[in-house]
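A.B. asks: Residue numbers (the numbering used here), protein chains in the order written: chain A, 13 to 141; chain B, 262 to 384.
Hints are computed from structural coordinates only; laboratory data are not their basis.
Idealized CB from N, CA, C, for every residue including glycine.
Check each hint, because a few of them may be wrong.
DSS-like cross-link-like pairs, simulated, lysine-lysine; straight-line CA separation at most 30 Å [what the hints assert, rightly or not]:
1) 30(A) <-> 358(B)
2) 288(B) <-> 121(A)
3) 121(A) <-> 289(B)
4) 338(B) <-> 269(B)
5) 338(B) <-> 289(B)
Which stretches of chain A does chain B cover? Using the computed rule of at least three CB atoms under 8 Å from a CB of chain B, they are [to be verified]:
6) 41–49
7) 91–102
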Amino acid sequence: MADVNRGNRPLSPFMIGKYYRPQLTSMTSILTRITGNGLLVAAILIVWWLLAAATSPEAFATADAVLTSWFGDLVLFLSLWALWYHTLAGIRHLVWDYAVGLRLDIAEKLGWGVIGGSVVLTILTAIII
Amino acid sequence: MAFLTDRKRAVGLGASKSGTAHFWAMKKSSVALLILVPLFVFTFGPALGGTYEEITAYYSRPFPAIVAALTLLVGFKHFNDGAQVMIEDYVHGLAEKITILLLTCVSYGLAGIGIFAIARLAL
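With these hints in hand, go ahead and build the complete structure from the sequences.
C.D. replies: Here it is as structure tokens:
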């Protein structure tokens with residue numbers, strides 16, 4: 013009996029698209045993964061910038077010019093939002109691990125909280141820095 | 262395979278085929294990053310835009326250097342663990358193993374480069 017349908021079960025990601033209607037809970041969840049992995053771009057830029065600073069004034073000038081250009085500013089600003097989004101969504105996961113806030117209406121409120129909170133924190137951080 | 266009973270085939274193979282070590286590692290690094298990330302944002306952020314002399318002087322101070330080094334260390338470990346789960350979800354078979362191998366090289370490579378750079382600036 014164990015040989016029936018071996019290896020032909022639906023594998024993740026099977027939730028989105030034809031099986032499941034997009035909704036706030038699934039979208040805020042997938043955005044956690046996208047922001048987390050997307051932060052690699054900013055991480056590479058920052059590591060490059062640090063290595064350049066440790067190498068020579070010339071190398072630093074090149075890296076610093078990229079990071080402080082309008083494009084670098086845009087990437088770092090979006091990454092800052094991604095960082096706060098991922099942080100707040102991560103806190104939501106730590107709370108969920110205790111089986112708290114899993115009721116649909118509360119989970120959706122937390123979702124809006126993560127979206128709104130990340131925007132507010134990004135703007136506040138940009139003002140402070 | 263014909264010699265294996267259904268039960269023998271199933272014993273010891275939970276859905277994840279491993280314990281909770283990965284989950285617990287993610288949890289530890291995420292809690293550490295809750296402290297490190299704000300510290301890094303508010304040390305790196307104001308420093309960015311400074312001259313070469315200002316940056317090298319800034320990262321020769323213990324606090325910004327230690328915060329940056331710890332954030333890169335824990336951050337890349339957290340990234341590695343998280344991205345590995347993503348790969349396990351979307352890529353299967355040999356490609357999965359190769360992608361995870363490359364991911365591990367990238368995460369630990371970047372962490373090593375970053376920490377080396379900070380050590381050089383700090384010392």
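A.B. asks: So, for every hint listed, does it hold in this structure?
C.D. replies: Verification of the hints:
Straight-line distance between C-alpha atoms of residue 30(A) and residue 358(B) comes to about 29 Å, which keeps the hinted pair within the 30 Å bound. With a CA separation close to 23 Å, the supplied pair residue 288(B) and residue 121(A) stays within the 30 Å bound. Pair hint residue 121(A) plus residue 289(B) holds up; C-alpha atoms about 26 Å apart against a cutoff of 30 Å. In summary, the hint linking residue 338(B) to residue 269(B) is not supported, as the alpha carbons are separated by about 36 Å, beyond the 30 Å threshold.
Distance check on the hinted pair: residue 338(B) and residue 289(B) sit about 11 Å apart at the alpha-carbon level, within 30 Å; holds. For the region 41–49 of chain A, the assignment as covered by chain B holds, since 3 residues bring a beta-carbon within under 8 Å of that chain's beta-carbons and 3 suffice. Coverage of the region 91–102 of chain A by chain B holds. Counting CB-CB distances below 8 Å, 4 residues qualify, and the rule asks for three or more.
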